[in-house]
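**Student:** Residue numbers (my numbering), protein chains in the order written: chain S, -3 to 255; chain V, -3 to 255; chain H, 329 to 632; chain E, 329 to 632.
Since the hints were made in silico from the structure, they are not lab data.
Here the structure is a predicted model, which means the values were calculated and not measured.
One thing to keep in mind: the hints can contain errors.
Derived Cβ-Cβ restraints for the label pairs, each shown as a range [said to hold, decoys possible]:
no.	chain 1	residue 1	chain 2	residue 2	range
1	E	THR628	V	GLU79	40 to 46 Å
2	E	VAL502	V	ARG136	39 to 45 Å
3	V	GLU41	E	ASP421	23 to 29 Å
4	S	ARG149	E	ASP421	27 to 33 Å
5	S	GLU3	E	THR336	46 to 52 Å
6	E	LYS420	S	GLY42	36 to 42 Å
7	S	GLY42	V	ASN137	32 to 38 Å
8	H	GLN630	V	LYS232	57 to 63 Å
9	E	GLY627	H	MET409	39 to 45 Å
10	S	GLU11	E	VAL502	53 to 59 Å
11	H	ASN620	E	THR360	54 to 60 Å
12	E	ASP421	H	ALA577	52 to 58 Å
13	H	ASP528	E	PRO364	34 to 40 Å
All residues carry an ideal CB built from backbone N, CA and C; glycine is no exception.
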Amino acid sequence: MAFFCDEFPIVERSEIASGIFSYVIHCPSVALAAKAGQFVHIRAEGYTLRRPISICEINREKGTIRIVFEVRGNGTDKLSQLEAGKKMDMIAPLGNGFTIKEIPSDKTVIVIGGGIGVPPMLGTAAEYTDNKVKAVLGFRNKDRVILEEDFKRVGAETAVCTDDGSYGEKGLVTFPLIEELERGKTAMIYACGPTPMLKAVINTARVYNIPCEVSLEQRMACGVGACVGCACNIRKGGRDFVLRVCKDGPVFKAEEVVL
Amino acid sequence: MAFFCDEFPIVERSEIASGIFSYVIHCPSVALAAKAGQFVHIRAEGYTLRRPISICEINREKGTIRIVFEVRGNGTDKLSQLEAGKKMDMIAPLGNGFTIKEIPSDKTVIVIGGGIGVPPMLGTAAEYTDNKVKAVLGFRNKDRVILEEDFKRVGAETAVCTDDGSYGEKGLVTFPLIEELERGKTAMIYACGPTPMLKAVINTARVYNIPCEVSLEQRMACGVGACVGCACNIRKGGRDFVLRVCKDGPVFKAEEVVL
Amino acid sequence: MSKDLSVTVAGVRFPNPVIAASGTYGFGQDYTDLYPLNKLGGISCKGTTLEPRNGNPAPRIAETPAGMLNSVGLQNPGIDMFITGYLPQLKKDGNVIIANIAGATLDDYKQAVERLDSTDVDMIELNISCPNVKQGGASWGVTCDGAAAVTKTVRAVTKKPLMVKLTPNVTNIVDIAKAVEAEGADCLSLINTLLGMRIDIRTRRPILKNNVGGFSGPAVFPVALRMVWQVANAVDIDVVGMGGITTAADAIEMMMAGAKAIQMGTAIFTDPYSPLKVIDGLEKYMEENDLNSLEEIVGTVQPW
Amino acid sequence: MSKDLSVTVAGVRFPNPVIAASGTYGFGQDYTDLYPLNKLGGISCKGTTLEPRNGNPAPRIAETPAGMLNSVGLQNPGIDMFITGYLPQLKKDGNVIIANIAGATLDDYKQAVERLDSTDVDMIELNISCPNVKQGGASWGVTCDGAAAVTKTVRAVTKKPLMVKLTPNVTNIVDIAKAVEAEGADCLSLINTLLGMRIDIRTRRPILKNNVGGFSGPAVFPVALRMVWQVANAVDIDVVGMGGITTAADAIEMMMAGAKAIQMGTAIFTDPYSPLKVIDGLEKYMEENDLNSLEEIVGTVQPW
């Protein structure tokens, strides 16, 4: 669970959709320690607060990680201007990550991503081999679709939905999710995305009684648990807790999350 | 007396001494309007206040100006990182500039610069042709000597002094100044440099009764006269005035300056 | 300009809500090489006193992270010179012309405002909070009694729309605002500068010759926004917001917090065109959000 | 480390003058992957109350130019858990351990401090100025009477070195400082956060669920420096300076203004190594200026 804070060289930068950037960063120590679902906390020059960005892929042999983020404001805009060869100042890896399980050979897991919640699901999908993963990815429209080929590359059977039907299925990720759950082969659900999507996934998982983990987002300061800024409400054993998204999460058991 | 505010392309950048940078900027409108002794007010990304930098040379044919500045803090450091091809955000030209006079053919003018006060004297020297200019340049030591060849290029007979004698004459600029004044051929003195040097020059000019103009420095905000931040004390006709270095100056008549 | 950006503050119509803040735009002559004064909704002129003043010794300027300090200290040519030397040109060149008046004594304020009352100045802003002059107003602005006394004195001698500028260097700005409102102020402007300091560690001297100075710039924006929100919710008169506004988004935040118009100052030093960029940004925002008037967003922030 | 960077505050020796500020360093466990706690001169622990508290709802964090807002609101495990669950490890890992105590009532403060008095905590910092909790201290810290009452109450029940943390959100911080000194505080720390706000113009809602929050970071440094200078010149007890300190130069400015030690907070979020960089910078400064003790520069700024 160790983390590092350093400047790591950028190996590759590309804009994979308008305003959405993919970076590959050479950081062997981080890659070795990282788990799917963890995040990195990046310093943007001129800004007080770092930007938490989930890890998209981990390549331990090459000693690299990949992150994918959307430009949402001046800070992420600044980050997106960093070119290959420059360095990225990161605290990483942070948070707990998804629980990867041994599952029976006839079972599968479902990874669900919505919008910019899609990237961390790629690394999660990659943890399972032998076509054990069904991926359901939701986007606003065709222009926002990212990483579909990457999910196929890691062996995930991938369904894409868009809100407006301009690509893949029209509608919410819950439709393909339910379709898949009805087949009765699902051992586990993993999800990351906007709150309404998470709520729908959590409810669906409850109905089908399938273990589910979700990754939460919250405005964050330190990223390491010190400032207690990124609070979330968690209910365990009938008791309410205020926990830290950065250190106690960002991944929580679906049944414990109070959204 | 018009000024402009725009981003102008950098044609050339070089470090002419350790931490001292020379930039040539393509800005025809500014070059056309500019006079020796005026300054430009440059925005440094991430900083609230612009940095006032005196104009070193003006090339109206090429539509360029040259500036030379020393890195003194984070803001000038940021400026010095701007590479050729990038743009410089300037308000320019600002201030009044030196008074260039018609002088008899047997007379000369003396330009005196100290340290980072040397650059504006180059443009001033260049206003006089036919070997009419004697330049006296003072620096801390050999490593800080700048622009000596440039003064010779524009036809100035150039004497260099260093505080420690590591280059040129050892000692203050007032020694060569007095030497030259003793020859009785001086029509005008121009000076820019640290306050102790200016005081010495002003006193010397008074003793020899030679017209003298000096360029002042002060911490500045707007640069155009609006904020009245860069005050200096001026005595005219027995009355005291608080004037603005940026708009009423930076050049003042030596006899009116209260340092 | 397809949209009407005008707002009305204390009965005075501003063609757009962007006003140059007092002390940052002189008397409106210094930026005319870049654009005409009438691009701005209004100008609050350099703080003016009954008699001319030379201000504080230099250095008067220091930089801070995302901000700056100034200790100019009310250098100004005096009210008579303002009226005869500057006001005619201002009226010709600009839109709403606001005189900013400071004083040491109640009588100073009274006399200066009396002289303005018969001019065609559009509005009077009372500076009761200049941090840089011992008796230049700060002592009035930090207590309810002091702020009320100046307002009352001035109210008695003018029918001009009266804007009182509040200092943020107080425990409870709402109380001061209410005291000023009760004495007949037509509107409030806030915040004046915070009080700050910087030290030159090489010389072990304060950078400012006045030791301390008024702190402004983007850095102070969150304090300004909070105070405007508090005050706008507590008074019935109009509020003009200022303090670190740099972008159209900042201006919109400030208006949503309750400001009917905004003043810009330090941002102009960084980018002289910033007021025009804010005006353009506001117009774009109106188009995108299908607004007929910017007043539709004033005070619309919904607290949790 | 050839230089001795130690300073003594209220009789307590700090191996170096850099203290992690309350609320930014938890209970000292969160940064140990990067460097051991004992690199810091001390740590002021997360604000602790008599009973555990859940704090305010999220979002609790917003960014501002060169700064940030927080509205954590004293989420903490309570004094008993602090004493049994955290203090032993803190004492083992760290140098000077400072408990930061907040409360709603005088009795809350009294009971919490009583329980601390018999522990081996090195120092107690009284938070009488948390801006985020209605009765979490701010109401005490903004008046001389309130600040004096808390100090007096706590002083009566402990012999531990007592540091009182002052809020900047007051008209006259010097009066508050003197009132606290008169009731037996051993030293003062300042400034706590200013009170700020940000609005999400898309949703027209405050970014913080608490609407307003504590404003910190480099932006506030000039206000902090000014107040430390004013207070240090007005009291006889030691002063610990904080508010936006990011670099060794900032720390030196703060010490020259009168601070015997400094606290760092927001800078740690931007760069977790910043406290170590400040310590290294201070040592380098001592070498370059041939100082035997950093106390040689404390309060040395010479006003104009």
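**Student:** Evaluate each hint against the coordinates.
**Tutor:** Hints, one by one, checked against the model:
Taking the beta carbon of each, THR628 of chain E and GLU79 of chain V are about 41 Å apart, inside 40 to 46 Å as hinted. As the Cβ distance of VAL502 of chain E to ARG136 of chain V is approximately 43 Å, the hint placing it in 39 to 45 Å holds. Between GLU41 of chain V and ASP421 of chain E the CB atoms are about 41 Å apart, so this pair departs from the stated range of 23 to 29 Å. Evaluation of the 27 to 33 Å hint for ARG149 of chain S and ASP421 of chain E yields a failure: the beta carbon distance comes to about 45 Å.
Taking 46 to 52 Å as the suggested C-beta distance range, the pair GLU3 of chain S and THR336 of chain E does not conform, at roughly 37 Å. In this structure the supplied range 36 to 42 Å holds for LYS420 of chain E paired with GLY42 of chain S, their Cβ-Cβ distance being about 39 Å. In this structure the hint that GLY42 of chain S and ASN137 of chain V lie 32 to 38 Å apart at CB holds, the actual value being about 36 Å. Remark: the range hint 57 to 63 Å for GLN630 of chain H to LYS232 of chain V is upheld by a beta-carbon distance near 60 Å.
In this structure, GLY627 of chain E and MET409 of chain H meet the distance hint of 39 to 45 Å, their C-beta atoms being roughly 43 Å apart. Between GLU11 of chain S and VAL502 of chain E the beta carbons are some 55 Å apart, a value that agrees with the proposed interval 53 to 59 Å. For the pair ASN620 of chain H and THR360 of chain E, the supplied restraint of 54 to 60 Å holds, since their beta-carbon distance comes to about 58 Å. Range check, ASP421 of chain E to ALA577 of chain H: Cβ separation about 44 Å, and the 52 to 58 Å hint is violated.
Take ASP528 of chain H and PRO364 of chain E: their Cβ atoms lie about 35 Å apart, and the range 34 to 40 Å holds.
The earlier numbered hints that this structure contradicts are 3, 4, 5, 12.
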